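Chains as they are written, first to last, in this note's numbering: chain S, 1000 to 1345; chain Z, 1000 to 1345; chain V, 1000 to 1345.
The hints are simulated quantities; they were obtained by calculation from the structure and are not laboratory data.
Because the structure is a prediction, the values reported are computed rather than measured.
Some clues are possibly wrong.
One copy or two, it doesn't matter: identical chains are merged, so the pair holds either way.
[Stated by the list, open to error] Straight-line distance between alpha carbons at most 16 Å, and here's what the computed EDC-like set of lysine to aspartate or glutamate pairs gives:
no.	residue 1	residue 2
1	Lys1303	Glu1220
2	Lys1039	Glu1201
3	Lys1199	Asp1275
4	Lys1092	Asp1301
5	Lys1039	Glu1143
6	Lys1092	Asp1251
7	Lys1039	Asp1264
8	Lys1039	Asp1287
9	Lys1327	Asp1113
10	Lys1039	Glu1176
11	Lys1303	Glu1040
12	Lys1303	Asp1116
13	Lys1327	Asp1076
14	Lys1039	Asp1330
15	Lys1199	Asp1224
16	Lys1039	Asp1174
17	Lys1039	Asp1178
18	Lys1039	Asp1203
19	Lys1039	Glu1175
20	Lys1303	Asp1081
21	Lys1303	Glu1175
22	Lys1092	Asp1203
23	Lys1092	Glu1056
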Amino acid sequence: MKKILLATTALAFSAGFAAAEVSFSGQAKMGLNYDGAAEKETSVHSEAVLYVAMSGETDTGLAFGATIDMIVEDNGDLNNDDTTVFVSGAFGKLSMGAVPEADENGGIADIGWDDLDTDDVAENLSGDELDDYLSYSFIGGFNETLSMNVSLDHNVNYTYAADAFSVAVSAKIGDEEVDSYAVGGRYNFGDAYVGLGYAKHEIDVSRSISVVGTPTGITFEGSADAEVVTAVAGGTFGAFGIAAIYSDGSIDIDAGGTTGSYDVDAFGVRGSYTMDALTLVAAYSEADMDGMPTLGGGTAGDQKRYGIGAAYDLGGGAQLAGGVARTKTGDADSETIGDFGITMSF
Amino acid sequence: MKKILLATTALAFSAGFAAAEVSFSGQAKMGLNYDGAAEKETSVHSEAVLYVAMSGETDTGLAFGATIDMIVEDNGDLNNDDTTVFVSGAFGKLSMGAVPEADENGGIADIGWDDLDTDDVAENLSGDELDDYLSYSFIGGFNETLSMNVSLDHNVNYTYAADAFSVAVSAKIGDEEVDSYAVGGRYNFGDAYVGLGYAKHEIDVSRSISVVGTPTGITFEGSADAEVVTAVAGGTFGAFGIAAIYSDGSIDIDAGGTTGSYDVDAFGVRGSYTMDALTLVAAYSEADMDGMPTLGGGTAGDQKRYGIGAAYDLGGGAQLAGGVARTKTGDADSETIGDFGITMSF
Amino acid sequence: MKKILLATTALAFSAGFAAAEVSFSGQAKMGLNYDGAAEKETSVHSEAVLYVAMSGETDTGLAFGATIDMIVEDNGDLNNDDTTVFVSGAFGKLSMGAVPEADENGGIADIGWDDLDTDDVAENLSGDELDDYLSYSFIGGFNETLSMNVSLDHNVNYTYAADAFSVAVSAKIGDEEVDSYAVGGRYNFGDAYVGLGYAKHEIDVSRSISVVGTPTGITFEGSADAEVVTAVAGGTFGAFGIAAIYSDGSIDIDAGGTTGSYDVDAFGVRGSYTMDALTLVAAYSEADMDGMPTLGGGTAGDQKRYGIGAAYDLGGGAQLAGGVARTKTGDADSETIGDFGITMSF
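So that you can see chain S by itself, here it is in the shape it has in the complex:
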């Protein structure tokens, strides 16, 4: 009784489509991760994603739709990866849900197979990533910790593109503790691009511990202001590709009675070279966190991560990939991480 979804790319069929449709695609991975600092250095990883795309068009030609990405990692829970709803037309595109922050005009892709994260260090300050560092904590009581942890995820994005130029604005709307917005612009010339983005975050948290609904008197007041400017550039030149990102941020924190101002920056560059089915990549990233406080009371160390990777296209949607990277945080020793596996597209 197995149902077969016609996996066709035959556009001839599309003439007969109803205005609204549901379509599916997928991705999966299986392979090995290596972490020189872990007790068990080698671990296996597998994941499968079902991409649901729903799309339609109004009588006046306005396009609308939604995407749901359903993911399972290592046979764990079935989770929403990203879900977005949008309307687009001559006026541009308005999206809600898992929208990109507008100061992200093109970061750098990761290297290797799964999770070497050279891109994450470079993008430490842009988009919604800064919330990892604005979670200044206060040890509470009654088995609870009070902290300033919030999410800077934006939930609305408006993008307008005209020829080679696009502009976007995004924001987090409706949150009682966070005001956050971003603007960005990007210009494509030939196979190259440059982009500039600005983000502003204001956090104001007032939290307390209650036991069975009764306040204990233990409270935490915290606030933070952050501004981040991010520039990106890159392009494809024959078999070579290059992408770079640089972010500069200034952050003021007043949380749990402690205040501080921090000038932080992060950058990364990634180069690739493609020969037939083989692609070689290298990346280098740094983040200078200027001694920012972190959840738990410590100090966020500066981060450095660099590595090389390779990918080989097996055809039919499958690709072998792997990489090795070195990573260093603060004064800790450098560690080696690596990965190798297969990635499948359906």
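Got chain S sorted already, so can you dock chains Z and V onto it with the hints?
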């Protein structure tokens, strides 16, 4: 490698279908909610739903199937919205899972775009809604609260329809704390209908707090009996539509040493007028909760909610909709709520 | 706007398929469970499963794919049931995720409709089932319990099949507390088979209780070694089918200061007879747990479970099924359990 699901309504294909099949449809929303009483009055909301429908037919012509509604709201968790399994034939239809309670013979639809909830106030007592008010709480200890919160959700429904008349019976079977059943009948004449339903709920809760498996001696005994009669009527008369619901309930509670008897009622009416692509609606609802206790120790105030809304069909499955409502609970001030957004069907 | 997934088995279409595709099938159940030992002896059960299968082929003919089983039981949460990713070719099949443990070369199927679990008792020691008995607990403090509960689920399996013979090896890789692997072989002759498997588990747990990040000094050290040998045999002989499994294990536990060595074994046999649309089954299983400790401080009693069942094929993917079983654990009284319902395949 994107797979395209043939979104066809061409019944010509159906002749070749295997007996059992899986099909998909979807819905999505994006827009704004306004709550005059909230700290941030305006918030955004987005959601996407994938409807999975599985159906088949036995050799003797018995139809069977299941539906799973998978929903993501505001890019949050991937959840089951409603999942139902059924068998139907000349004997009627037997359903399990997310079944309707049989005393719900047609409530009133909501107005506006997303969540003005004029229907919820009118349906305060019918179906499984009364469980919101049967959660009388007792402050416990060891960071835990003991209360009578239970669910009145039925898990079995049997419906038999003959011409214009249908009867249904539903129940919650197998729950150790709740006995609940309902019966209902509905008669359609032309484009109009009347319906009558009766529900009976018996709750008997005995709960205690344990610490690491050891009883603390803190216990809670609670019981409640409730009977609710619900009448509905409505119809479509040319461009006009009207729907009304009235429920009358009597409730006895003996929980945590406190007893009480309550006579409650709720009603609502909703009218609509359609001109081409535009539909205008208005609704008024009240619920008199007779000072019932609520979780946390307070008293359930009487509720009143009314508003107007409009919807405009954009074609292709998309619709613009919005509304404004006034809501009042107990002695609190009236508040204004509103919404505006787009709804998409795929 | 309902989308219809073409539920075709017409292989004529497959010639036009792209190399990678996403396909769907499903299953659902609704019916009654009976448990003579429960307060409410009769309960209803419903479930619906969407099977997502993604598959592709590389240019050199290597097959790859992933499966995600999405399940909802009794209108509860939407869960991952099993998710597996694989690559297969002339070298064999490599799988990650929800893989079979290699010492499972064919257990015995359950009887009845849903959950009489005569198979579970017989398979008490094989695969990952032994983890239920290696969860020796220690009462902690601060509302927390420390125990040795771990999962023996393997996450990698490699299987090689040549004609009638297949061999497999599987392991749990990357877990800091568990080392576990298994090997197995199976030989098919005609419609019969024999199989032999071996599993080795090493558990080493060191856990402690912290309050708001501060260690309390309450710790738990536990370790266990287990070896299990499992033999299976069975076959289909005309209208008759038979399957048997026998496992023998030796377990050493040193947990929370208490040590013990246990010789355990379990076996089960299941026979079936098919007449047209009707299948009759009977099964008998026993597990001798040699007084092993269990979570909570008690002793695992020996288990015995046997019963009969019947299934009737309604055609079109639907089947009526039911069964009755007797179950006995340790010195407790024997209890009667039963089930009856419909199973649907889509």
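Which of the listed hints are broken here?
Hints 1, 3, 4, 5, 6, 7, 8, 9, 11, 13, 14, 20, 21 and 22 are the ones this structure does not satisfy, whereas the remaining hints hold.
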